[in-house]
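Trainee: Chains A and B are the protein sequences, given in the same order.
For reference, each letter of the first sequence is one residue, going 1 to 212 in the numbering used here.
For reference, each letter of the second sequence is one residue, going 213 to 380 in the numbering used here.
Simulated from the structure, these hints should not be mistaken for laboratory data.
Beta carbons are placed, not taken as given, at the ideal position from N, Cα and C, and that holds for glycine.
A few of these clues could be false.
What the hints assert, rightly or not - Over the 12 Å line for every Cβ pair with chain A, so calculated as not near, a few chain B residues:
hint, residue
1, 251
2, 255
3, 267
4, 299
Claimed, not checked - Here are a few chain A residues that face chain B, going by a calculated C-beta distance under 8 Å:
hint, residue
5, 53
6, 86
7, 90
8, 93
9, 97
10, 100
11, 101
12, 103
13, 105
14, 155
15, 164
16, 167
17, 168
18, 171
19, 198
20, 199
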Amino acid sequence: MIVKSTLVRHHPGVMTMLLTRVAVAAMLPTMLLAAPALAHTGAGGAGGFVSGFTHPLFGPDHVVAMVAVGLWGALLGQPAIWLLPVVFPLVMAFGGVLGIVGVPIPSVETGIATSAIVLGIMVALAARVPLWTAVLLVGAFAIFHGYAHGRELPDGADAVAFATGFVIATGTLHLSGIAFGLLARWPAGRLAVRAAGAAIALIGALYLGGLV
Amino acid sequence: MSAFVDGLAQFFVPTHLLAVVAIGLLAGQGALRFPITVFGAYTFGLSVGSIMIAAALRGQNTAPMLLGIAALSGIVIAAAWPIPYRAKEIAASALAGILAFNAPPQAIAIPSAVAEQVGVSVAALATFATIVFVAMRAARPWQRIGVRIIGSWIAASAILVLALWLTR
Numbered sequence: 001m002i003v004k005s006t007l008v009r010h011h012p013g014v015m016t017m018l019l020t021r022v023a024v025a026a027m028l029p030t031m032l033l034a035a036p037a038l039a040h041t042g043a044g045g046a047g048g049f050v051s052g053f054t055h056p057l058f059g060p061d062h063v064v065a066m067v068a069v070g071l072w073g074a075l076l077g078q079p080a081i082w083l084l085p086v087v088f089p090l091v092m093a094f095g096g097v098l099g100i101v102g103v104p105i106p107s108v109e110t111g112i113a114t115s116a117i118v119l120g121i122m123v124a125l126a127a128r129v130p131l132w133t134a135v136l137l138v139g140a141f142a143i144f145h146g147y148a149h150g151r152e153l154p155d156g157a158d159a160v161a162f163a164t165g166f167v168i169a170t171g172t173l174h175l176s177g178i179a180f181g182l183l184a185r186w187p188a189g190r191l192a193v194r195a196a197g198a199a200i201a202l203i204g205a206l207y208l209g210g211l212v
Numbered sequence: 213m214s215a216f217v218d219g220l221a222q223f224f225v226p227t228h229l230l231a232v233v234a235i236g237l238l239a240g241q242g243a244l245r246f247p248i249t250v251f252g253a254y255t256f257g258l259s260v261g262s263i264m265i266a267a268a269l270r271g272q273n274t275a276p277m278l279l280g281i282a283a284l285s286g287i288v289i290a291a292a293w294p295i296p297y298r299a300k301e302i303a304a305s306a307l308a309g310i311l312a313f314n315a316p317p318q319a320i321a322i323p324s325a326v327a328e329q330v331g332v333s334v335a336a337l338a339t340f341a342t343i344v345f346v347a348m349r350a351a352r353p354w355q356r357i358g359v360r361i362i363g364s365w366i367a368a369s370a371i372l373v374l375a376l377w378l379t380r
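One chain only, chain A, in its complex shape (with noise of 0.2 Å):
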């Protein structure tokens, strides 16, 4: 006790140290227990994105269809690594408009389970076909992506920030698609994004066979 007297006389920042933890224990619980002030003006913003980037995380035959663009893109190489991430969220914009205009595309839900086999398929042959022919099947598929999302997007304020969310989250997707794709440098790990690519085709099956 004479040390710690001592330690706060001689040392002031330790007493306020001491005085903050405090503070903080005693706060704790509080902000536990308190109701989130959801008026404020910031919360909206910050809860829209994180809606959004939650968004198509929920869809396992949108996840997986999108880490299979990835996925193909790597195997592919340049330059279809990055030109399938740039396309894909353009077109997708596009489907986006037409689900938010409400122009009808049948099968919507068939279209995405389609992407994930398609897509899948291609990545577990690892088909090499020539740059155009991959661009046009990513893109009529991210129509399908898009529209989905479209006809789901929230009104108000909190759109700016849920698109966002959305658009990040999808290209994230792509993205650890990629990295993944990666792998496929070694003969290992052309094996394992091979594989990755057939589990990704028999989940689209079961999505459209609904049996999930």
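Start from chain A and add chain B according to the hints.
Mentor: Just chain B now, kept in the frame of chain A:
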């Protein structure tokens, strides 16, 4: 001081950030040195917008215009189109002026309103300069690709929200 902080907070909303990040990346993409003329044009636009607000012109909801410029800039960044500096200067000054209009001071007292407007301007200038600097430094191939990918994300987000606002 509180009004100045309010001004800073008023800038940091998703629409403003999306637009300023887009124009900052556009200005910095492929630039070998800091694009001082684009920065000057941006500062000029911001000043004109602020003066017009101070001259008792009513603030407008110019968010769709900000998003329109963000979408166009995002497409140009994603495509890596080498556009002339003059076009970048015009886009930067237009966006900055529109930005000032979209963030009018909420305070009634003149000193507080001025402090708020200064807060918005400082945040807008600092964010723009930071993004330009980051885009300039992105010189390695994978970094340049990263800038293009972010451009496509910005364009996609802006197009979606624009469509939402124009239809509902």
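Trainee: Checking each numbered hint in turn, tell me which of them this model violates, lowest number first.
Mentor: Hint check: 5, 12, 13, 19 and 20 fail, others pass.
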